[in-house]
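Chains as they are written, first to last, in the numbering used here: chain R, 159 to 496; chain G, 159 to 496; chain D, 159 to 496; chain E, 159 to 496.
The set of hints was computed from the structure by calculation and includes no laboratory data. Hints are not guaranteed to be accurate.
Remember, identical chains collapse to one label, so a pair may be satisfied in a single copy or spanning two.
Claimed, not checked - PhoX-like cross-link-like pairs, simulated, lysine-lysine; straight-line CA separation at most 25 Å:
(1) Lys225 x Lys336
(2) Lys354 x Lys205
(3) Lys336 x Lys404
(4) Lys225 x Lys404
(5) Lys490 x Lys252
(6) Lys435 x Lys404
(7) Lys418 x Lys435
(8) Lys358 x Lys252
(9) Lys418 x Lys404
(10) Lys181 x Lys225
Each chain, letter by letter, is given below.
Protein chains: 4
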Amino acid sequence: MIIILKSNVSDEQIAAVESRLKKMGMEAHISRGIQRTVIGAIGDEHKLDKEALEALPGVEDVVRVMKPYKIVSRESQAGDTIIDISSHPLGGNKIQIIAGPCSVETQEQMDQSAAAVAAAGCSMMRGGAFKPRTSPYTFQGVGVEGLVMFQKAARAHNLPIVTELMDVRMLQTFLDHKVDVIQIGTRNMQNFDLLKEVGKTQVPVILKRGMSATISEWLMAAEYIAAGGNHNIIFCERGIRTFETKYRNVLDVTAIPVIKQETHLPVIVDPSHAGGKAWMVPALSRAAIAAGADGLLIESHPRPAEAWCDADQALSHEQLTQLMGELRGIAKVIGRDL
Amino acid sequence: MIIILKSNVSDEQIAAVESRLKKMGMEAHISRGIQRTVIGAIGDEHKLDKEALEALPGVEDVVRVMKPYKIVSRESQAGDTIIDISSHPLGGNKIQIIAGPCSVETQEQMDQSAAAVAAAGCSMMRGGAFKPRTSPYTFQGVGVEGLVMFQKAARAHNLPIVTELMDVRMLQTFLDHKVDVIQIGTRNMQNFDLLKEVGKTQVPVILKRGMSATISEWLMAAEYIAAGGNHNIIFCERGIRTFETKYRNVLDVTAIPVIKQETHLPVIVDPSHAGGKAWMVPALSRAAIAAGADGLLIESHPRPAEAWCDADQALSHEQLTQLMGELRGIAKVIGRDL
Amino acid sequence: MIIILKSNVSDEQIAAVESRLKKMGMEAHISRGIQRTVIGAIGDEHKLDKEALEALPGVEDVVRVMKPYKIVSRESQAGDTIIDISSHPLGGNKIQIIAGPCSVETQEQMDQSAAAVAAAGCSMMRGGAFKPRTSPYTFQGVGVEGLVMFQKAARAHNLPIVTELMDVRMLQTFLDHKVDVIQIGTRNMQNFDLLKEVGKTQVPVILKRGMSATISEWLMAAEYIAAGGNHNIIFCERGIRTFETKYRNVLDVTAIPVIKQETHLPVIVDPSHAGGKAWMVPALSRAAIAAGADGLLIESHPRPAEAWCDADQALSHEQLTQLMGELRGIAKVIGRDL
Amino acid sequence: MIIILKSNVSDEQIAAVESRLKKMGMEAHISRGIQRTVIGAIGDEHKLDKEALEALPGVEDVVRVMKPYKIVSRESQAGDTIIDISSHPLGGNKIQIIAGPCSVETQEQMDQSAAAVAAAGCSMMRGGAFKPRTSPYTFQGVGVEGLVMFQKAARAHNLPIVTELMDVRMLQTFLDHKVDVIQIGTRNMQNFDLLKEVGKTQVPVILKRGMSATISEWLMAAEYIAAGGNHNIIFCERGIRTFETKYRNVLDVTAIPVIKQETHLPVIVDPSHAGGKAWMVPALSRAAIAAGADGLLIESHPRPAEAWCDADQALSHEQLTQLMGELRGIAKVIGRDL
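I would like the entire structure built from these sequences, with the hints used as guidance.
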């Protein structure tokens, strides 16, 4: 059961609802988001008196949610959530393409990248200062300094930045550097302490699907963030692990319509990590948009062959520009803007 | 090594090439197709004298093919193969949508289906007279009589028919009933004796990918058909088996560009078996065409809820018509016809 | 619903039961096995009058089976089935180790193999005359002649033979050559026409699990054989396909206790195809027996490095003999004979 | 390349080796363990002068390691590592069974569990104070207080304790409470910052395999810990994710001999999480020991049906005692103690 509160609800009213729920034998999980505050009532729902709750001051609606994910569930909100990312909307009719390098390398590389990303018509930028690498002996990212270089380059083109947070102890630094979107990587999708902490902020979060996470586990991971009060969650499908070895991962396009049915939150796709090869990216990108994705997270680099990591999968800026044209055409066919 | 012969090559010339290969210590696999006759030379390629072979009468080209699949390999033929299906081309610029019911039920159902398939703008029709069912106690198809009903309905609209062959002993019956395209199902992708037999005919074959077949195994299965002389092979991606349980299979869109890179033969997609739910079919269909598929194999039914099998996944004729419109738009964006 | 008939039931009595079932609106699937004849009643079970059926002459028991697999289900028979393989029992307290080469090569190789298999204490022998190979250009088995060589070698040591049937048209030849156990390979687990045909014989069948077959699909494939009247079915776990690439397949030991819970039929394990390397075979063999398998299907060869196929995975005869000692020890710990 | 240093090596000698490596153009990763200090030399190995390095004071051996994992690789140490866990050896001839409840609940439950675990003949105990749960609304563990209850109960029976660390910020608390073995759970196998931190301690670490981690990724995750100087690493196979839905995970027994070939470190198995049902645990436990595992991590509970989490999979203390008897028999057959 989800109790949705009015936008002008007072602390006293919230406390009253909480107290009433406890009397009914339920646990109350209060989640104060920007757009709405909701209370998840957990326990035996037979004990709940829906009408009594609806009559309480400050309560807008009481919704039975059968799914184990509550706040993120489409049952709890019929309309699509549009997330405001530093004044750029994500999740509505407009499709957002987020491009940029795998990792922050140098100021020059970031400046060139930002200029090209903006020129190609993208309105947000990606780049990693901290990299989750399989081997401890390979490049681990340039670190905090990378956030500075990234912001400098991106701000010059009014591009909000997306960057990965791996360590819970680094969250405050991300907030200090005004990271616009925090990315939770595939290896941390069930790092529950990390999820809980970003759930306490209001910074939009891109939650990548775990390598072999089911749709249900993915939604529950998002619920960890939502339960803390951060409802600005963007799902990102990035390919799943299967028996096939010819490509890095198998992009699960079916997840796109299914996630959109299960949740009111937006879903984007990372075609670069899915395929693992630059030449596969255009086909996968077109497929993702055609299937209904709300955006893409694409790797691009001024000189792909020289990229410090994942050189094989970055698009050149020419390739990115050309792809944007095709995507605009497909967006139009399905009645969306890009 | 593949020896490609001239179109007017004589039997004596073929025998001479074969004899020369044997002297070089190689085994010769002669494959006489409609469009070209090729000889696969298997053995230690170091023993081969490429120039001597090229000089033989009747030899057009000698190509080193590193891949274990030879005739179907893109290395052996750079251009795309266009397969002629009773005067409808498959594999070139034109995208072919093949629609129809999961199984043949009655003459009336087939007549209505054929009329609707044609009206929606599809130029081929699908339908199963023999059904591979998980349980021996469920409907196994109407059998040979189904081929008759199917042909009667489809011919009235000039639609070539696609239907599944499960039992090698039934092949002659399929030939007698002039089946236009033989479908080899996912469970029989490595039924090698069946592949060898259809390889002896010239009837176009749709080879569905095995439930957990790798790209490489799939190509090798096609090579079994090609080695027999039937080069009219169409790959059909229909979703793979993974850990995800929310949908029937995971449609592997990455396989589309990868198969097109590895082989000169066309690849189509079955979005109905992939997702297993009718409401997923439009998104998956759009994704497949956007990713570069040469066609689709879609289940449609006059009254989906009454279908004798897979009722959940069939589109109504209205849904099919609407989908065709979207697909036409996407085809245009990527420079193809539909 | 399963109607189990008395051992001395007459054809008239069977017909009477069938007729009564039809009146109740059910379909009757009669399956005449050696040990028992059963009738599977398929349809809406609410229409069934259990007591009326039990009162009919010739009826021993009427059992409600909730599972979709009926005759093979543990619900239909509580005790373990012991299959008689040319006077050697499989499925009871005695564990059977079946060893021999991947493929029949020469009479000498088979003679040496049979002598060694018998000397190691194994009481059955394996060997393939027809081989399902990924490539059409590799060795496909020596064919019918191989059955002759195999029988000659094995009979000298009183070893029943196990060999794979791939083509339904070859079944009569297998019967003519008195093959003791027909193996259905992993690629044919859902070749339903092949299953139906072996179901009409009474020859014991080893049914290998499909590469990515679920437990439920595997049981249903066995039900295809059982429905035809052949109840002599042995399940064989041979490793499943996963994301792991370090070994050929992942031996699914959990399947052993689970299959034994779901069915009264025996289950054996093929440790050779599971791991794909000879050095892994002892560990996997010990694990399988410790987990409760009723037998093993092991590849051994007089000179493993010279084997015509799967040379990497065959045990030498010394290795086989040593392994038998360890397995005997483990069998004893769990109260079984070997 | 791995440079193994003498046990009495001085800091000056280490610095000299490091300096020499840098001159050769290599990066030096110094890892000071209890039993040995090693330096991983990363870079282009062609530049390395092996003999010059071997001649340096304090250097015992210089070993070329081709695998991407260096310190944990069997190439870097031929003999098995025996880890000392509060005076109990793990990794040698002795097999260690670690039992206890899924989660710490109450002092009484822990006292009863500890007494039973010791009585059954186990010499270490498991129990979780912090639980990684799929849903934010379910029991998350009793927290730090649980460590106190756990230690009190276990110390009374001289049982070292094994408990899971999820949050890097909690590491110091674990050290303060003298946790004997830190468990890194399956969801955190690639939480690299957590691995780096436990790598700075000398507390033995059980590293559970990620749900779909390859053998290679698992070894690399261990290398993250080893690179920091903590060489006391125990691999724990706990079942992998596959397409099969009949059981929680598929226990990968093949991983046991393979891991033992690839690394000198011990490997144990968690049969409880693998199968997910108590009735499967004995078969899986026997299989694991028969395949060569160095130990087991088993869930047991005084009253399984009342367990606060994973009630389905806990053994009763009677079942645990009986299983120990079987395992002892199998250990003896393969020449080990238990």
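Task: Structure versus earlier hints - violations, ascending order - done: 1, 2, 3 and 8
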